[in-house]
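Colleague: Heads up: the protein sequence lines correspond to chains A and B, in order.
Heads up: the first sequence is residues 1 to 402, going by UniProt numbering.
Heads up: the second sequence is residues 1 to 114, going by UniProt numbering.
By construction, these hints were calculated from the structure, which means they are not laboratory data.
The structure presented is a predicted model; accordingly, all values stated were derived computationally and were not measured.
Certain hints may be false.
Some chain B residues close to chain A (C-beta under 8 Å, calculated; not the full set) [what the hints assert, rightly or not]:
1. A5
2. L7
3. A11
4. E75
5. E84
In silico EDC-like cross-links for lysine to aspartate or glutamate, where the CA-CA straight-line distance does not exceed 20 Å [to be verified]:
6. A:K155 with B:E107
7. B:K42 with B:E107
8. A:K265 with A:D255
9. A:K155 with B:D29
10. B:K42 with B:D62
11. A:K147 with A:E170
12. A:K155 with B:E113
13. B:K74 with B:E113
14. A:K65 with A:D100
15. B:K74 with B:D103
16. A:K155 with B:D103
17. A:K155 with B:D12
18. A:K155 with B:D67
Just so you know, even glycine gets a beta-carbon here, dropped at the ideal spot from N, CA and C.
Chain by chain, the residues run as shown.
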Amino acid sequence: MEAGDAVARLVRDEGTRVLATLIRVTGDVGLAEDAVQDAVVRALETWPRDGVPDNPRGWLLVTAKRRAVDLFRREAARSGKEATAMPFVEPEPVETVPDDLLRLVFTCCHPALSLEAQVALALRTLGGLSTAEVARALLVPEATMAKRLTRARQKITQACIPYRVPAAAELPDRLAGVAATVYLIFNEGYAAAAGTDLVRAELADEAIRLARLLAGLMPDEPTALGLLALLLLQNSRRAARVDADGVPVLLPDQDRSRWDVAAIKEGVSYLGRGLQRAAAPEEYLVQAAIAACHALAPTYAETNWDALISWYDVLLEVADSPVARLNRAAAVAERDGPAAGLSLVDAIPGLTRYPWWHATRAELLHRLGDTEAARAAYRRALALGLSEPLVAHLRLRLAELE
Amino acid sequence: MPTYAALLYTADVDWSAPEHAETTQEYLDFGAAAAAVIRGGKALYPTSTATTVRVSGGKGGDVLTSDGPYAETKEALTGFYLFECADLDEAVRLAARLPAAWDGVVEIRPVIEF
């Protein structure tokens, strides 16, 4: 990595945390965003020349705070208001949510906003993701996402929705949005939907850190326990998912000795704690159970397909989705053969624009000996746009068939 | 400070009926407790007293008058308040103390200051 890239990444990561802090302190997202943006630009100008300061976050925070005071004074002067009162006094230390980033997620997830808007706003405001990236992460067109974000910001301004740390009693109401946000941050980091890196490790690590905080905050909440279990179990495979050349390695071909055994143990223990506390099946717990079936299998062939398929059946009960059906169909193909899998895959509506639907069909058609149809299906998958390493993988599969 | 209209949607209520005395008292109690932030508000006569007015073809057109509310729904607009408070959270806390929120819904909308 270039030294300049390292500085840029440091500035971006620290900038996100500084933004979270500044929003808490000022209570004004727009003002905080402008001030942090300015501090980030200044850091990118001066750090490569003068060296990175000893405390980069402190430097950014002080610079952004000064800028925020300037902006506030200017705003006050324009509207003729008294500028004597500082916009922000350090408020009482509120320890409900002991982390500025997680606090920011909770404040974005105000129940007066739609769940979609909460998640989009949190992903966007957390700074790591652009509007285009948020749109991809949530599988909606960019224009739709831009509109959704604008509408959410307008509602916040016009209805005066406060960016305030929720009281302990309000946390459970906001958990659904918070969990969805953390999960999507992880997903974007674990399997970047586009771009050159298959894995954006820092996003995945950040999501796990947030999930840990969340589980610590609500130690008896099945959603929080399930989310942490799921992220730990999925992330345990990270080192085995890409080979030395950066080409993705799919689950059946992964070197299981490279899986993170400690993370698997920890994930399974959170899964157990969550299942004990869940009165009804909870989506993240069920997904974690599915991940555990894979993580605990000594080899791909020895996967407990019966257990896996019955967890998928539970998942379809609590959260039916075409993608869940596709994954269940792939498991059925392993247990009952490609023909059984293919007939299930073909019966799923609404996935013609989802590359993995075509890729799964291609694989099953190939196993059934229908090379012609398999090639066509791979080509359709490739036409739909994926991250570059996944494109490379599919091209390789296609080349093997030609 | 922003002003919010709290629109009360409940089953149609004839406030003069004696069985509503208790609810009426609850609204009076609310009014006394929240006096500092209430900027206005009234209860409405039932929807059977409502008249819908529309000018056909826009400005200057024929005045069409019809009986009742525009749409038949289980919950109807039965009253409203205007609150002036710090933010939406405070308005939500107030709305939750209205009897209308207990067996109907209260819609909160920020009021535009022209």
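Colleague: Enumerate the violated hints, using their earlier numbering and listing them in ascending order.
Modeller: Structure breaks hints 1, 2, 3, 4, 5, 9, 10, 11, 13, 16, 17, 18.
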